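Engineer: So the chains spell out like this:
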Amino acid sequence: MKYETIIIGGGLSGLLSGIALARAGRKVAIISAGQSALHFSSGSFELIDSEDNPLAAIAQMPSTHPYQTIGLDAVKRYAEAVPALFAEAGVEVSGSVEKNHYRITPIGMAKSAWLTLGDYATLDNATTLPWRKVAIVNFDGYLDFYPKFLDNFFAKRGVDTVHHTLTLAEFEHLRESATEMRATNIARIMTGDLLSKIATELRGRIGDAEVVFMPAVFGMFDAEAVSALRSQVRVPLYFIPTMPASVPGVRTQIQLKNYFQKLGGVYLLGDNVCGGEIRDNKLISVRTANHGDMEFHADNFILASGSFFSHGLIASQEHIYEPIFGLDIVADQARSEWYNQDLYAHQPYMGYGVVTDERLRCRLAGKTVENLYAAGSVLANQNPIAEGTGGGVAITTALFVADQIINA
Amino acid sequence: MSYQKSNISSNNFEQCIKCTICTVYCPVTAVNPEYPGPKQAGPDGERYRLKKPLFYDEALKYCLNCKRCEVACPSNVKIGDIIQLARIKHSKLRPGLRERILANTDFMGTLASTFAPVVNTTVKLKPVKKLMDWTLKIDSHRTFPKYASQRFTTWFKRHAEKSQAALPNQVTYFHGCYANYNYPQLGKDLVKILNAVGYGVQLMEKERCCGVAKISNNLIKQATRDAKRNLEEIRHSVAQQREVIATSTTCTFTIRDEYHHILGLENGDVREQVNLATRFLYRLVDEGKIKLAFRDDFRMKAAYHTPCHMEKLGWSIYSTSLMRMIPGLELLMLDSLCCGIAGTYGFKRENYKYSQAIGAPLFKQIADFGVDVVACDCETCKWQIEMSTGVKVENPISILAQALDVERTKALNNIK
Ligand SMILES: Cc1cc2nc3c(=O)[nH]c(=O)nc-3n(C[C@H](O)[C@H](O)[C@H](O)COP(=O)(O)OP(=O)(O)OC[C@H]3O[C@@H](n4cnc5c(N)ncnc54)[C@H](O)[C@@H]3O)c2cc1C
Ligand code: SF4
Ligand code: SF4
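Going line by line, the protein sequences match chains A and B.
Each residue of the first sequence is one higher than the one before, starting from 30 at the first, in the numbering used here.
Each residue of the second sequence is one higher than the one before, starting from 5 at the first, in the numbering used here.
Hints may be right or wrong, so weigh each one.
For each label pair, taking beta carbons as the anchor points, the in silico distance ranges come out as [claimed, not checked]:
#1 A:251 with B:236: 49 to 57 Å
#2 A:303 with B:291: 15 to 23 Å
#3 A:194 with B:57: 37 to 45 Å
#4 B:98 with A:303: 40 to 48 Å
#5 B:59 with A:318: 28 to 36 Å
#6 A:435 with B:411: 38 to 46 Å
#7 B:372 with A:154: 24 to 32 Å
#8 B:21 with A:226: 28 to 36 Å
#9 A:91 with B:95: 53 to 61 Å
#10 A:303 with B:394: 21 to 29 Å
Below 25 Å or equal to it, Euclidean Cα-Cα: the simulated DSS-like pairs (lysine-lysine) are [what the hints assert, rightly or not]:
#11 A:31 with B:295
#12 A:396 with A:311
#13 B:196 with B:414
#14 A:140 with A:177
#15 A:56 with B:305
#16 B:293 with A:56
#17 B:420 with B:161
#18 B:414 with B:161
#19 A:291 with B:368
#20 B:192 with B:210
#21 A:56 with B:295
#22 A:31 with B:293
#23 B:93 with A:291
#24 B:305 with B:295
#25 B:305 with B:192
Everything labelled a hint here was simulated from the structure, so no lab data went into it.
Note that the coordinates shown come from a computational prediction; the quantities given were computed from them, not determined experimentally.
Built from N, CA and C at the ideal position, the CB exists for glycine as well.
Between the sequences and the hints, there should be enough to build the whole structure, so can you do that?
Structural biologist: Right, dumping it as C-alpha cells:
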C-alpha cells in the first residue's frame with residue numbers, strides 16, 4: 030500500500046492534519062487503533078487558560094513548549110482558520126483567538142475556553158449572567174448530571190433556578206441497569222417522536238424561565254436531534270456536559286472523520302501500527318497488526334498517537350517509552366519522579382512526550398527522522414490540564430505539520 | 005518487576021477503562037433493550053463471572069459477534085471474544101434441532117443441493133415457511149438462500165480441474181459452504197480471474213465448513229473437529245507452497261482468528277498463509293507480479309458495503325482498491341454499518357425483528373444511493389441486503405470477473 034502521507038492516530042490531531050492534506054489534494058491514510066480522546070471531550074477546546082489576551086499569554090510560555098516551537102504567528106494563523114474548517118465538516122463552534130469565553134462545567138464552575146460547540150452556552154465573563162431565571166431539566170434516573178452543582182453556580186450569580194425532572198416511558202429499559210443509563214445510551218433513543226414529546230413537556234413546564242439547561246444527551250451521530258429539539262422550544266435551549274463518554278464529542282469525531290473521507294482520505298479504524306523501517310534517517314514504511322506483511326509506504330508520516338491515555342506513550346513499571354519506533358522522548362528516569370503524590374500539584378508525567386526539531390520532526394537515537402512529524406498530545410513539554418492547552422496544541426500543531434508537508 | 009506482565013489477560017479485559025465507547029458502536033444495543041451491551045456483557049460481566057459463574061446472563065445470546073465493539077475500543081479490549089468465550093463456558097441453553105440445522109451448513113448444503121429444485125420451491129412456499137416458523141422458530145419472513153443444482157466442486161471436477169496444473173503458479177481455494185452449495189458462480193469467477201493471470205486453482209481434499217455457524221450456535225465440539233481438519237488441509241497446502249485463499253470474509257476471519265481465540269487451536273504457523281482473495285490479488289498487482297485488463301464496454305454503478313468481519317479484518321481497502329482499477333465502474337462507499345443478519349442469527353424468529361431494525365439505516369442508504377449493485381465480500385450480508393432492499397449484491401470477485409478482459413489479461417501475463 031502506498032500513500033503520500035500516512036497518519037498514525039485518528040483523534041483531533043490526526044484528523045485535522047488529514048483534512049488539511051486531503052484538502053490540498055494529497056493522498057492520505059489515517060490508521061487508528063481505536064476511538065480517540067475526542068470521545069471524552071467536554072465539547073470545548075482550550076487554547077490557553079488565561080484571563081487576558083490568549084496570544085499574549087502564549088508568548089510568555091517556556092521556549093520548549095510546542096506553541097513556541099511552531100511560533101506565535103503560526104499559532105495565531107492556524108487558530109484563526111479553525112472555525113471555518115470545522116464548519117466545512119459541519120462542526121459548529123463559537124469563540125475567538127482574541128479573547129477566551131467561559132463555559133459552564135458539569136460541576137458548576139465557569140471555565141475559560143477558546144472554541145465551544147454550538148450545543149453549549151458561552152459566557153462573556155465568569156461572574157455575571159444575562160438571565161434572571163433559568164430552568165434546569167433532567168431525566169428521571171439519570172445520575173451523570175448534577176443539577177445541585179448548577180444550582181450553586183446560578184445562585185452565586187444571582188440567577189433563580191427552577192428544576193424539572195422528566196419521566197419518560199422510553200427510558201424504562203435504560204433504568205433497569207444503573208450502569209447503562211449513560212449519555213451515549215440515552216442519545217441513541219433521542220429521535221423523532223420522543224423529541225417532540227420532550228419539547229411538549231418543556232413547553233408546558235418552563236413557565237417564565239428565559240432559558241433551559243439540559244444534559245448533553247442529544248445528537249450522537251449528527252446534530253439533527255439538537256436542532257429538532259431547539260426548533261420546538263420557544264426559549265434558548267443549552268446543554269451541559271455530562272460524565273464521559275461525551276455525546277457532542279462522539280459527534281465531532283464522526284463529523285470530522287466523515288469530512289476527511291469525503292475529501293478522499295482513507296480512514297482505517299481498529300488497527301495498530303506496530304513498527305516501521307527506518308533507513309538513512311527516513312521512515313520508509315510502517316507495519317500494522319491487521320495488514321501483517323503488507324506494509325504501508327509513504328513519503329511522509331505523522332505521529333498523532335496521543336499521550337498515555339491513547340497509548341501513544343506507555344509507562345511500564347520501569348520506564349516510559351514511545352511504543353511504535355522507540356523515539357527519543359522527554360521523561361524522567363526514576364518512577365518516583367513521574368508523579369506528585371498531591372493530585373492537584375504539578376504532575377511531571379503530563380509533560381512527557383516525543384522530542385522534535387523546530388519543524389516538529391521526531392528524533393531517534395539523537396538523529397532527526399526527516400519525514401516523520403509529530404502532532405498533538407504525543408508532543409513533549411506541554412501540560413494540557415495545568416495550562417489549558419489540550420485542544421489548541423492538538424489543532425495548531427496538526428495544521429502546522431500538514432503545512433510542512435504541503436510546502437516541502 | 006515483572007508482575008505487570010503476569011496480570012495481563014489474553015483478552016485485555018483488565019485494560020477496560022469503563023468508557024462505554026464500545027456500547028456506542030454496538031448494533032444490538034441500538035435496537036434491543038434486553039441486550040446488556042458490550043461493556044456490561046464483556047469486561048464488566050467478566051469480573052463477576054470470574055467470581056461466580058451464576059452471574060452469567062443468558063441475554064449474551066443476543067450478541068452478533070460482529071466485533072464492532074473491538075474495532076472502536078480505545079483500550080484494545082477483546083470484548084467480542086470475552087463474550088463468545090463466556091457463552092461457550094456458561095450458557096445453559098442447549099442447541100436444539102433448529103440450531104443444528106442452521107449450523108450444519110455443509111451437511112444441509114449436501115442434502116439441499118442434491119434436491120435443489122425441490123428444496124428451493126418448498127422453502128419458498130408460504131405453508132412451509134409457516135411450518136418452519138412454528139416448529140423450528142425460523143422466521144417466516146426470511147427468504148431462504150437458494151441452493152444450486154450443481155455444486156461448485158462438481159463443476160470444478162468436470163470443467164476446470166484438468167487444466168489447472170499446467171499454469172505456472174498454484175493456490176488453494178477454500179470455497180466455503182456458500183460458493184459450493186448456493187452460489188457456484190462465485191467460485192467459477194475466481195477460477196476465471198486466477199487462471200487468466202497464471203494461477204492454477206487447487207481444492208482441498210476434504211474441505212469442511214469453516215465452523216462459524218457452529219461456533220455461534222454453541223456446537224463447539226463439532227466446530228473444533230471441522231477446524232482441526234481444515235487446519236490439517238491448510239498445513240498440507242502450505243507445505244506444497246500453496247497459499248490458501250477464500251472469497252468469504254467470514255471464513256477467512258474465522259480460520260485466521262476465531263480458531264485460535266475462541267476454539268483455542270494453534271494456527272499461528274499458517275495464519276499468514278490464509279488470505280482473502282481480493283487481498284491476494286491486490287498484492288500481486290501491487291508488487292507488479294500480475295496485470296489486469298478490463299473490458300471497454302463494462303459499465304456499472306456499485307456501492308461497497310463493509311461486512312462486520314471485514315471491518316474487523318481491516319481489509320476492505322483491498323476489495324475497493326481492486327474494484328477502483330475497473331475503468332467502467334463507479335464505486336460509492338456505504339457507511340460501515342452492520343446489515344443485521346450475522347450469519348444464522350437473523351434466521352431465528354426471536355431475532356428477526358432486531359435483525360431488520362439493525363439493518364434499517366444501511367438499507368435506507370442503499371436505496372438513497374440508487375446503484376445497480378451492492379458489492380460485498382460476505383454471503384450472509386448478500387441474503388440480507390437482497391431480501392431487504394431488492395438490490396442485487398455481488399462479491400467484488402464476481403464484479404472483477406465480469407469486467408475482466410480475459411484475452412488481454414492473459415496476453416499481458418504471457419498466459420496461452
Ligand atoms: C479524557 C480526556 C478528555 C479531554 N478533554 C479535553 C477537552 O474537553 N478539551 C480540550 O481542549 N482537550 C481535552 N483533552 C486533551 C486532548 O488530549 C486533546 O484535546 C486532543 O483531543 C488530543 O488529540 P490527539 O489527536 O493528539 O490524541 P488522541 O485523541 O489521544 O488520539 C490518538 C489516537 O491515536 C491512536 N493510536 C495510538 N497509538 C496507535 C498506534 N500504535 N497505531 C494506531 N493508532 C494509534 C489512538 O487509538 C487514538 O485514536 C482531553 C484528553 C483526555 C485524555
Ligand atoms: S470501549 Fe473498551 S475500555 Fe471502553 S468500556 Fe468498552 S471495553 Fe471498556
Ligand atoms: S460483538 Fe457486536 S453485537 Fe456483540 S457486543 Fe460487540 S458490537 Fe455488540
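Engineer: Decide, hint by hint, whether the structure agrees.
Structural biologist: Outcome of the hint check:
{"no.": "1", "hint": "A:251 with B:236: 49 to 57 Å", "in the structure": "holds (50 Å)"}
{"no.": "2", "hint": "A:303 with B:291: 15 to 23 Å", "in the structure": "holds (22 Å)"}
{"no.": "3", "hint": "A:194 with B:57: 37 to 45 Å", "in the structure": "holds (39 Å)"}
{"no.": "4", "hint": "B:98 with A:303: 40 to 48 Å", "in the structure": "holds (41 Å)"}
{"no.": "5", "hint": "B:59 with A:318: 28 to 36 Å", "in the structure": "holds (32 Å)"}
{"no.": "6", "hint": "A:435 with B:411: 38 to 46 Å", "in the structure": "holds (44 Å)"}
{"no.": "7", "hint": "B:372 with A:154: 24 to 32 Å", "in the structure": "violated (47 Å)"}
{"no.": "8", "hint": "B:21 with A:226: 28 to 36 Å", "in the structure": "holds (34 Å)"}
{"no.": "9", "hint": "A:91 with B:95: 53 to 61 Å", "in the structure": "holds (58 Å)"}
{"no.": "10", "hint": "A:303 with B:394: 21 to 29 Å", "in the structure": "violated (43 Å)"}
{"no.": "11", "hint": "A:31 with B:295", "in the structure": "holds (18 Å)"}
{"no.": "12", "hint": "A:396 with A:311", "in the structure": "holds (10 Å)"}
{"no.": "13", "hint": "B:196 with B:414", "in the structure": "holds (11 Å)"}
{"no.": "14", "hint": "A:140 with A:177", "in the structure": "holds (18 Å)"}
{"no.": "15", "hint": "A:56 with B:305", "in the structure": "holds (23 Å)"}
{"no.": "16", "hint": "B:293 with A:56", "in the structure": "holds (24 Å)"}
{"no.": "17", "hint": "B:420 with B:161", "in the structure": "holds (21 Å)"}
{"no.": "18", "hint": "B:414 with B:161", "in the structure": "holds (23 Å)"}
{"no.": "19", "hint": "A:291 with B:368", "in the structure": "holds (19 Å)"}
{"no.": "20", "hint": "B:192 with B:210", "in the structure": "holds (19 Å)"}
{"no.": "21", "hint": "A:56 with B:295", "in the structure": "holds (23 Å)"}
{"no.": "22", "hint": "A:31 with B:293", "in the structure": "holds (16 Å)"}
{"no.": "23", "hint": "B:93 with A:291", "in the structure": "violated (44 Å)"}
{"no.": "24", "hint": "B:305 with B:295", "in the structure": "holds (23 Å)"}
{"no.": "25", "hint": "B:305 with B:192", "in the structure": "holds (23 Å)"}
Figure legend: structure checked against the earlier numbered hints; hints not met, in rising order: 7, 10 and 23.
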